[in-house]
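2 protein chains.
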Amino acid sequence: MKKFMNAAETMVAESVEGFVRAHAEFVVFGADQKFVRRRQLVPGKVAIISGGGAGHEPMHIGFVGRGMLDAACVGHIFTSPTPSQIVAAIEEADTGAGCLLVVKNYDGDVMNFEMAAEMAGSHHKIEMVIVSDDIKTERTGSRRGVAGTVVLERLVGAAAEQGMALAELKVLGSNLSTRIRSMGVALTGVTVPHTQRTTFLLGPDEIEMGVGIHGEPGHSREPFSNADAIVRHLGETVLSDIAPATGKALLFVNGLGGTPPAELYLAFNTAHRLMMERGVHIERSLVGTYATSLDMQGISVTLAFLNDEELFLWDSPVATAALRWGC
Amino acid sequence: MKKFMNAAETMVAESVEGFVRAHAEFVVFGADQKFVRRRQLVPGKVAIISGGGAGHEPMHIGFVGRGMLDAACVGHIFTSPTPSQIVAAIEEADTGAGCLLVVKNYDGDVMNFEMAAEMAGSHHKIEMVIVSDDIKTERTGSRRGVAGTVVLERLVGAAAEQGMALAELKVLGSNLSTRIRSMGVALTGVTVPHTQRTTFLLGPDEIEMGVGIHGEPGHSREPFSNADAIVRHLGETVLSDIAPATGKALLFVNGLGGTPPAELYLAFNTAHRLMMERGVHIERSLVGTYATSLDMQGISVTLAFLNDEELFLWDSPVATAALRWGC
Numbered sequence: 018m019k020k021f022m023n024a025a026e027t028m029v030a031e032s033v034e035g036f037v038r039a040h041a042e043f044v045v046f047g048a049d050q051k052f053v054r055r056r057q058l059v060p061g062k063v064a065i066i067s068g069g070g071a072g073h074e075p076m077h078i079g080f081v082g083r084g085m086l087d088a089a090c091v092g093h094i095f096t097s098p099t100p101s102q103i104v105a106a107i108e109e110a111d112t113g114a115g116c117l118l119v120v121k122n123y124d125g126d127v128m129n130f131e132m133a134a135e136m137a138g139s140h141h142k143i144e145m146v147i148v149s150d151d152i153k154t155e156r157t158g159s160r161r162g163v164a165g166t167v168v169l170e171r172l173v174g175a176a177a178e179q180g181m182a183l184a185e186l187k188v189l190g191s192n193l194s195t196r197i198r199s200m201g202v203a204l205t206g207v208t209v210p211h212t213q214r215t216t217f218l219l220g221p222d223e224i225e226m227g228v229g230i231h232g233e234p235g236h237s238r239e240p241f242s243n244a245d246a247i248v249r250h251l252g253e254t255v256l257s258d259i260a261p262a263t264g265k266a267l268l269f270v271n272g273l274g275g276t277p278p279a280e281l282y283l284a285f286n287t288a289h290r291l292m293m294e295r296g297v298h299i300e301r302s303l304v305g306t307y308a309t310s311l312d313m314q315g316i317s318v319t320l321a322f323l324n325d326e327e328l329f330l331w332d333s334p335v336a337t338a339a340l341r342w343g344c
Numbered sequence: 018m019k020k021f022m023n024a025a026e027t028m029v030a031e032s033v034e035g036f037v038r039a040h041a042e043f044v045v046f047g048a049d050q051k052f053v054r055r056r057q058l059v060p061g062k063v064a065i066i067s068g069g070g071a072g073h074e075p076m077h078i079g080f081v082g083r084g085m086l087d088a089a090c091v092g093h094i095f096t097s098p099t100p101s102q103i104v105a106a107i108e109e110a111d112t113g114a115g116c117l118l119v120v121k122n123y124d125g126d127v128m129n130f131e132m133a134a135e136m137a138g139s140h141h142k143i144e145m146v147i148v149s150d151d152i153k154t155e156r157t158g159s160r161r162g163v164a165g166t167v168v169l170e171r172l173v174g175a176a177a178e179q180g181m182a183l184a185e186l187k188v189l190g191s192n193l194s195t196r197i198r199s200m201g202v203a204l205t206g207v208t209v210p211h212t213q214r215t216t217f218l219l220g221p222d223e224i225e226m227g228v229g230i231h232g233e234p235g236h237s238r239e240p241f242s243n244a245d246a247i248v249r250h251l252g253e254t255v256l257s258d259i260a261p262a263t264g265k266a267l268l269f270v271n272g273l274g275g276t277p278p279a280e281l282y283l284a285f286n287t288a289h290r291l292m293m294e295r296g297v298h299i300e301r302s303l304v305g306t307y308a309t310s311l312d313m314q315g316i317s318v319t320l321a322f323l324n325d326e327e328l329f330l331w332d333s334p335v336a337t338a339a340l341r342w343g344c
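Chains C and G, in that order, are what the protein sequence lines are. Just so you know, the first sequence maps onto residues 18 to 344 in the numbering used here. Just so you know, the second sequence maps onto residues 18 to 344 in the numbering used here.
Treat the hints as calculated values from the structure; they're not laboratory data. Any given hint could turn out to be false.
You can't tell identical chains apart in this list, so a pair holds if it fits in one copy or across any two.
Okay, derived cross-link-like pairs now, DSSO-like style, lysine-lysine, Cα gap no bigger than 30 Å in a straight line [said to hold, decoys possible]:
1) Lys153 with Lys62
2) Lys265 with Lys153
3) Lys20 with Lys153
4) Lys62 with Lys20
5) Lys153 with Lys19
6) Lys187 with Lys19
7) Lys187 with Lys20
8) Lys142 with Lys20
9) Lys265 with Lys19
10) Lys142 with Lys265
11) Lys20 with Lys51
12) Lys51 with Lys153
13) Lys51 with Lys62
Put together the whole structure using the sequences plus the hints.
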């Protein structure tokens with residue numbers, strides 16, 4: 018396992034420190050470096066706070082800034098941040114209008130964010146949205162929160178920036194969660210630095226369908242095939258797992274860490290063609306490496322059915338390290 | 018070799034098509050899909066045109082748009098675009114003020130861009146800047162054009178947008194080229210799709226120092242080490258190979274395709290610390306996957322000494338798929 022790292026114990030801290038140095042125009046460390054927060058907090062705006070294990074970069078720290086997140090808590094690799102980290106983020110980021118916690122649907126994350134909400138609840142108004150955009154399968158059980166989290170964070174972040182109140186943000190987020198669906202595929206497993214163990218091994222002609230973003234196996238091992246077959250399978254499954262709320266959608270092809278841009282563009286091409294064939298109007302596109310599983314070679318396809326107000330929110334100014342436009 | 022592709026023959030065309038679909042707000046195909054151009058050309062502005070082999074995405078197509086390139090020509094993988102492609106781009110992108118061709122210093126690219134300039138020269142004012150930001154070593158011969166090309170394209174693109182004339186742009190670009198220096202390292206070789214051959218093979222404890230972006234070997238094979246040692250070696254070599262023009266610099270850590278963001282941040286952290294120790298003031302930062310060598314695991318470190326006018330150009334609005342701010 019060759020990676021750019023010094024020691025498994027310090028890897029996350031060094032990486033987050035590098036991120037903060039590189040993007041000092043958007044972010045600063047919060048108290049005791051327990052979290053990363055927006056450089057300029059906005060008094061009276063609902064704070065949007067997210068977090069999760071490390072290994073998914075740029076998610077979530079890359080989305081801290083105007084029009085998206087106010088703070089992000091980073092745990093160890095593939096490990097939830099502690100309630101203490103989350104409480105510290107709430108205390109610093111809440112400027113009076115309360116906090117919306119955006120939590121990916123994994124037991125550890127949900128538990129720790131709930132505990133933090135309880136601990137901080139007597140002094141702060143707190144609501145939580147659980148993102149569960151992954152397709153549902155028998156093997157993987159409940160829907161996990163994966164790349165679609167980026168879309169949800171962007172939209173509630175934009176709405177908060179425009180002054181939406183906490184209760185409405187909770188409704189918006191919960192509502193969105195049902196209209197965002199993702200599915201991933203891996204060409205390789207990943208090696209977790211501190212265990213030096215590969216989460217699953219794939220042969221030279223095998224792929225893993227339905228993977229999440231923690232190196233966990235998906236729902237089926239399939240023979241390696243061409244991009245059209247793989248991407249169409251992802252897109253068809255996503256489409257069949259979601260009831261189209263409107264004909265307008267955002268299509269998002271995400272790299273899982275080790276897949277280069279050229280392959281993401283090619284996969285997007287196939288996914289886009291499929292959606293057109295199925296009568297889905299792709300109004301917005303996102304292609305890139307936004308929610309990773311360490312250095313996994315693989316992609317996910319996310320489809321989000323959005324109404325006109327939500328498309329408008331998507332287009333509004335955002336200034337973060339990983340998503341930036343309009344300012 | 019598992020990649021998201023359908024056939025080696027169609028890989029580049031499908032990938033570029035996906036890119037154009039995903040980023041239709043910035044780009045359109047030029048005539049006969051020979052190149053990608055800015056959606057809104059600006060009459061009377063000098064056209065900045067670049068290009069090169071495929072396999073380096075998002076370079077150069079990801080930099081087409083306001084404040085950077087007007088057109089980019091994509092060849093086959095690791096193969097220069099043809100003079101015919103470049104001539105077509107010149108004819109369509111030149112709105113009257115002439116064209117600046119930005120060419121990475123590789124024999125094939127230089128030859129084909131020169132041939133195109135000759136072919137189109139009777140009807141268009143054309144100048145060329147050759148980018149040679151790579152460190153110089155005995156083994157690799159002349160300086161190649163690598164990730165630093167991104168910085169140069171951004172700065173001449175910004176200056177052109179502000180109305181700089183062709184002759185001045187040529188001076189700016191040539192001058193910049195001497196103040197931008199890069200060095201790369203590979204943890205893995207790459208497999209070229211149409212040959213199915215790996216350009217070089219590295220053992221589990223080996224790295225290749227001084228690589229370019231075409232899978233060619235670098236100048237020395239070294240034992241794998243920790244990130245601090247590797248990145249400091251890159252940074253020290255870059256520093257010793259460039260005469261600091263001012264104390265102000267842009268530091269750019271680039272992923273070569275298969276290296277995830279978390280590792281890039283960590284490498285940036287080390288590089289940034291080194292530069293501070295050496296008294297270099299890092300005024301701007303760039304961290305990400307911008308100039309790739311297919312799916313190579315590796316990074317490059319680029320240092321660009323910039324004066325205040327150039328820092329101002331860097332900050333001016335840019336709206337491309339891969340770099341975007343201020344608009």
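Requested in this report: With 30 Å as the alpha-carbon cut-off, assign the pair Lys20 and Lys51 to within, between, both or neither.
Outcome: For Lys20 and Lys51, only the intra-copy Cα distance (25 Å) is at most 30 Å; the inter-copy one is 38 Å.
Query raised in the report: 30 Å Cα cut-off: does Lys51 pair with Lys62 within a copy, between copies, both or neither?
Result: So Lys51 and Lys62 pass the 30 Å test inside one copy only (22 Å; across, 49 Å).
Query - Up to 30 Å CA-CA - Lys19 versus Lys153, copy category - result: between (34 Å within a copy, 26 Å between copies)
Query raised in the report: Checking Lys153 and Lys62: alpha-carbon separation at most 30 Å within a copy, between copies, both or neither?
Result: neither (35 Å within a copy, 53 Å between copies)
**Report entry** Within, between, both or neither: Lys51, Lys153 at alpha-carbon 30 Å
**Finding:** neither (33 Å within a copy, 43 Å between copies)
Query raised in the report: Between the shortest in-copy and the shortest cross-copy C-alpha distance, which are at most 30 Å for Lys187 and Lys20: within, between, both, or neither?
Result: For Lys187 and Lys20, the Cα distance exceeds 30 Å both inside one copy (39 Å) and across copies (40 Å).
Requested in this report: First find the shortest C-alpha distance between Lys142 and Lys20 inside one copy, then the shortest across copies, and answer within, between, both or neither for a cut-off of 30 Å.
Outcome: neither (42 Å within a copy, 47 Å between copies)
Query raised in the report: 30 Å Cα cut-off: does Lys20 pair with Lys153 within a copy, between copies, both or neither?
Result: between (33 Å within a copy, 26 Å between copies)
Query - Up to 30 Å CA-CA - Lys19 versus Lys187, copy category - result: neither (42 Å within a copy, 42 Å between copies)
Report task. Classify it for me, Lys62 with Lys20: is the Cα-Cα distance of at most 30 Å met within a copy, between copies, both or neither? Result -> neither (40 Å within a copy, 44 Å between copies)
Query - Copy assignment of Lys265 with Lys153, given that the CA separation must stay at most 30 Å - result: Classified as within; 23 Å inside a copy, 52 Å across copies.
Report task. Please work out whether the CA atoms of Lys142 and Lys265 approach to 30 Å or closer within one copy, between two copies, in both situations, or in neither? Result -> neither (34 Å within a copy, 45 Å between copies)
The structure fails hints 1, 4, 6, 7, 8, 9, 10, 12 (numbered hints given earlier, in ascending order).
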